[in-house]
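2 protein chains.
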Amino acid sequence: MYSKQLEKVLKDNKIAVGDPIQIEKHKKLYQGVLMPGTETQANDTLMIKLVNGYNVGISIDATTRITKSAHPKQEKEKHEHRKQDKTKPSISLVSTGGTIASRVDYTTGGVSPALDAHEIIDSIPELLDFVYIADMTNPMNVASEDILPSDWQNLAKELEKKLNSDIEGVVVTHGTDTMHYTTAAMSFMLDTPKPVVFVGSQRSSDRPSSDASMNLLCASYLAGYSDIAEIGVCMHANTSDSFCLFNRGTKVKKLHTSRRDAFRPINDLPLARVFPHGEISILNKNYKKKSDDAKARAMTKFEDKVAIIKAYPGCDPEIIDHYVSKGYRGLVVEATGLGHVPTNSKKSWKASIQSAIKKDVIVAFAPQTQYGRLDPNVYANGRIMKDSGVVYCEDMLPETAYVKLGWLLGNYKNIDEARQLMAQNLKGEITARTLPETFLY
Amino acid sequence: MYSKQLEKVLKDNKIAVGDPIQIEKHKKLYQGVLMPGTETQANDTLMIKLVNGYNVGISIDATTRITKSAHPKQEKEKHEHRKQDKTKPSISLVSTGGTIASRVDYTTGGVSPALDAHEIIDSIPELLDFVYIADMTNPMNVASEDILPSDWQNLAKELEKKLNSDIEGVVVTHGTDTMHYTTAAMSFMLDTPKPVVFVGSQRSSDRPSSDASMNLLCASYLAGYSDIAEIGVCMHANTSDSFCLFNRGTKVKKLHTSRRDAFRPINDLPLARVFPHGEISILNKNYKKKSDDAKARAMTKFEDKVAIIKAYPGCDPEIIDHYVSKGYRGLVVEATGLGHVPTNSKKSWKASIQSAIKKDVIVAFAPQTQYGRLDPNVYANGRIMKDSGVVYCEDMLPETAYVKLGWLLGNYKNIDEARQLMAQNLKGEITARTLPETFLY
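Quick mapping for you: the protein sequence lines, in order, are chains A and B.
The opening residue of the first sequence carries number 1 in the working numbering; numbering runs sequentially from there.
The opening residue of the second sequence carries number 1 in the working numbering; numbering runs sequentially from there.
Because the hints were derived from the structure by calculation, they are not lab data.
Don't take each hint at face value.
One copy or two, it doesn't matter: identical chains are merged, so the pair holds either way.
What the hints assert, rightly or not - Straight line, CA to CA, 20 Å or less: simulated SDA-like cross-link-like pairs of lysine to any residue:
id	residue 1	residue 2
1	K347	G327
2	K290	K350
3	K86	I282
4	K359	D321
5	K14	T67
6	K350	V56
7	K386	M47
8	K86	P317
9	K86	K346
10	K305	E318
11	K68	K88
12	K27	I384
13	K8	A432
14	K68	A16
15	K8	K83
16	K358	P276
17	K346	S150
18	K288	D227
19	K326	C315
20	K305	D321
21	K28	M47
22	K305	P317
23	K301	C315
24	K346	Q153
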């Protein structure tokens with residue numbers, strides 16, 4: 001909330017939240033959009049969103065001058081769509097929403113999904129130097145934290161159709177918050193003979209530091225030219241604009257809230273580097289090769305009654321009983337260290353886990369540390385859990401384990417078969433050996 | 001389970017599980033301790049634990065020779081304790097258990113807590129080159145996954161006593177699984193005028209690759225000689241034995257299941273490098289200095305009714321209602337991206353979170369990505385949650401947020417005061433600015 005005095009200054013100057021303003025203070029000029037006051041800021045401080053997308057607070061005193069400026073252009077310019085070259089490799093572009101498809105809302109100063117696939121091409125015409133975009137669809141337009149397993153199912157069916165049409169590969173734009181969950185889901189739901197490249201951006205495309213353009217260029221090149229028939233994430237490799245990494249969809253995680261190079265490989269090397277000038281350098285030779293004959297095939301069933309539980313000191317095992325009583329059929333536990341949960345007499349998880357397993361619930365342990373591999377054989381507590389029938393997911397990410405378990409329980413009626421498959425590598429989610437250089441890559 | 005044929009071979013040679021054996025196969029000799037057969041291994045494969053602590057499976061055929069060897073010495077050698085030098089800086093040594101205080105159990109091949117503080121000194125006599133160990137206590141001896149908040153309370157009281165005696169600092173040996181939860185707990189429960197150095201090991205001290213000795217040397221030097229009056233973790237910095245890092249207790253996390261350099265700083269620089277020859281190099285000047293007058297003070301109350309909940313696609317918000325119905329007073333949500341949870345109409349978390357807050361439950365969001373800082377102001381979904389009264393924990397680790405929230409609710413009766421303190425930096429858990437070089441440090 002702004003102070004009454006400040007509200008008066010704004011009113012006198014006919015300035016409202018969402019208006020573009022300039023503030024002159026100590027001979028320095030700030031230009032941006034006036035944001036609403038918040039509870040936590042000092043109430044003599046005006047918040048504005050700068051053109052670079054960052055918010056700054058400027059404390060206002062008697063010497064400060066505030067004026068309203070012209071409104072930034074919001075209307076779309078009418079222009080000819082650039083003509084496509086049909087001799088280039090053809091790709092499909094599927095837009096699902098997220099920052100890469102969003103713009104700042106000048107009323108609230110916030111960012112919300114806005115662009116569709118056509119607008120994306122219009123804003124990055126260089127795409128057409130590489131590829132022919134055979135079709136563009138927009139099956140949903142949501143921030144990725146709002147995506148549900150039912151959206152995964154729709155997307156997998158959509159991608160199956162695309163992949164069985166006459167194209168080289170597919171690019172999917174997606175919000176970054178849960179992109180790694182979606183790529184894991186697509187990895188299990190979809191057998192693909194062609195590249196399926198997920199791409200997002202950490203800064204919206206109206207910001208000079210946006211990664212949208214380079215990420216999309218690299219992703220499109222990869223979809224059009226590479227022989228990697230895998231589902232993965234293509235995003236900035238580092239803080240410069242030099243190249244992107246293509247990471248396997250079951251082995252990637254968003255490890256930073258805001259950096260452009262937030263998506264990192266966990267316990268695996270990236271599949272490739274992709275340069276925005278059109279070059280691919282393979283980093284991990286262990287990938288599935290493109291096949292011209294094979295058909296894409298979707299198996300999209302998913303059991304919703306699966307949950308992730310984190311093990312931590314003091315966590316009451318009652319949470320396991322709760323999920324079992326609610327009819328849950330699978331539980332992924334983010335276990336500590338090499339795969340442990342509390343076994344002390346006061347709050348032991350043993351009885352609850354054993355009881356869940358007796359009721360045919362699959363209990364799978366994945367590493368809370370993320371990096372490294374579980375090994376139930378080193379310590380007594382691990383052996384106890386293993387003997388109780390817990391599935392040890394080796395070096396699988398807990399997020400991937402969750403998606404895999406829901407998919408297995410949806411598609412395999414036989415619980416023992418599902419349990420066995422949980423412990424086996426299906427789509428690169430378990431590696432045979434972890435290379436030392438993958439730690440903190 | 002071993003095959004009947006193999007069981008017969010073992011019986012004929014009078015070999016039982018736990019016996020030291022040697023296996024000759026293809027002119028190669030393997031020596032180790034026979035481990036029990038497990039369900040998953042091929043039943044013609046013998047499992048042995050090698051001297052280096054690793055387990056290997058050796059498939060047995062007609063050409064393989066298996067013989068029993070002499071039993072490794074398990075009796076303690078009687079020897080004089082090395083005499084201490086009282087002119088060295090004096091420290092207290094507190095042993096709580098974990099791998100650093102454990103040995104391989106030759107019956108099961110597993111590792112379990114065994115050593116007490118005296119045995120630790122006997123096995124690393126070089127400690128006495130640096131420090132005078134004024135006293136040694138052993139308040140508990142548990143694997144760290146079994147530690148409970150009540151253990152934190154006892155430990156904080158124990159440390160308070162030690163710190164108010166005539167010593168330079170304290171070394172606490174601890175299991176690694178949850179060491180970072182304990183250092184966060186001690187950071188809030190204890191005001192210390194002296195260094196409190198937690199140390200563990202990732203490989204037990206009977207393995208040649210053990211990190212126990214170097215970690216303990218560095219930790220003891222730090223406790224005896226440094227002016228850093230903070231609570232932190234001292235462990236291997238990298239894969240070589242060159243130096244350790246001392247990381248702040250509220251900003252450190254175990255990021256790997258087995259590597260010796262598993263403990264990494266999150267969103268902060270390490271406080272110092274510590275070399276085993278006795279040298280400290282400060283990496284982060286922003287630390288609390290030692291004070292000769294100040295007294296240690298423990299505030300150990302802790303509210304058990306606090307839980308960590310992870311937000312992921314498909315997670316039913318019913319879990320929030322469940323915890324509220326069970327009388328929980330605080331919930332830490334591992335939110336996605338800049339601080340989001342699902343807000344779509346089908347499975348929105350909005351109503352459950354708002355209802356929890358109305359019932360005076362503190363709901364705090366911390367980054368699921370771990371690295372980076374939350375910002376509720378960038379996207380519409382963030383603003384909705386912030387306006388609902390959610391505490392945004394900025395760049396705080398979810399593990400630290402959990403411990404802090406339990407501590408605040410235990411010690412502050414006024415819920416608004418607790419909520420305000422949750423959003424403020426008390427013990428280095430929130431940094432003012434994140435340095436770029438801290439990502440993947």
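How the hints compare with the structure:
no., hint, verdict
1, K347 / G327, "between (23 Å within a copy, 18 Å between copies)"
2, K290 / K350, "neither (46 Å within a copy, 44 Å between copies)"
3, K86 / I282, "neither (27 Å within a copy, 61 Å between copies)"
4, K359 / D321, "within (11 Å within a copy, 25 Å between copies)"
5, K14 / T67, "within (9 Å within a copy, 94 Å between copies)"
6, K350 / V56, "neither (51 Å within a copy, 28 Å between copies)"
7, K386 / M47, "between (55 Å within a copy, 16 Å between copies)"
8, K86 / P317, "neither (60 Å within a copy, 48 Å between copies)"
9, K86 / K346, "neither (69 Å within a copy, 41 Å between copies)"
10, K305 / E318, "both (17 Å within a copy, 12 Å between copies)"
11, K68 / K88, "neither (48 Å within a copy, 69 Å between copies)"
12, K27 / I384, "neither (70 Å within a copy, 36 Å between copies)"
13, K8 / A432, "neither (67 Å within a copy, 32 Å between copies)"
14, K68 / A16, "within (9 Å within a copy, 87 Å between copies)"
15, K8 / K83, "neither (52 Å within a copy, 78 Å between copies)"
16, K358 / P276, "neither (53 Å within a copy, 50 Å between copies)"
17, K346 / S150, "between (40 Å within a copy, 10 Å between copies)"
18, K288 / D227, "within (8 Å within a copy, 55 Å between copies)"
19, K326 / C315, "both (19 Å within a copy, 13 Å between copies)"
20, K305 / D321, "both (14 Å within a copy, 17 Å between copies)"
21, K28 / M47, "within (16 Å within a copy, 73 Å between copies)"
22, K305 / P317, "both (18 Å within a copy, 13 Å between copies)"
23, K301 / C315, "between (32 Å within a copy, 17 Å between copies)"
24, K346 / Q153, "between (42 Å within a copy, 15 Å between copies)"
Hint compliance for this structure: hints 2, 3, 6, 8, 9, 11, 12, 13, 15, 16 are broken, all remaining hints hold.
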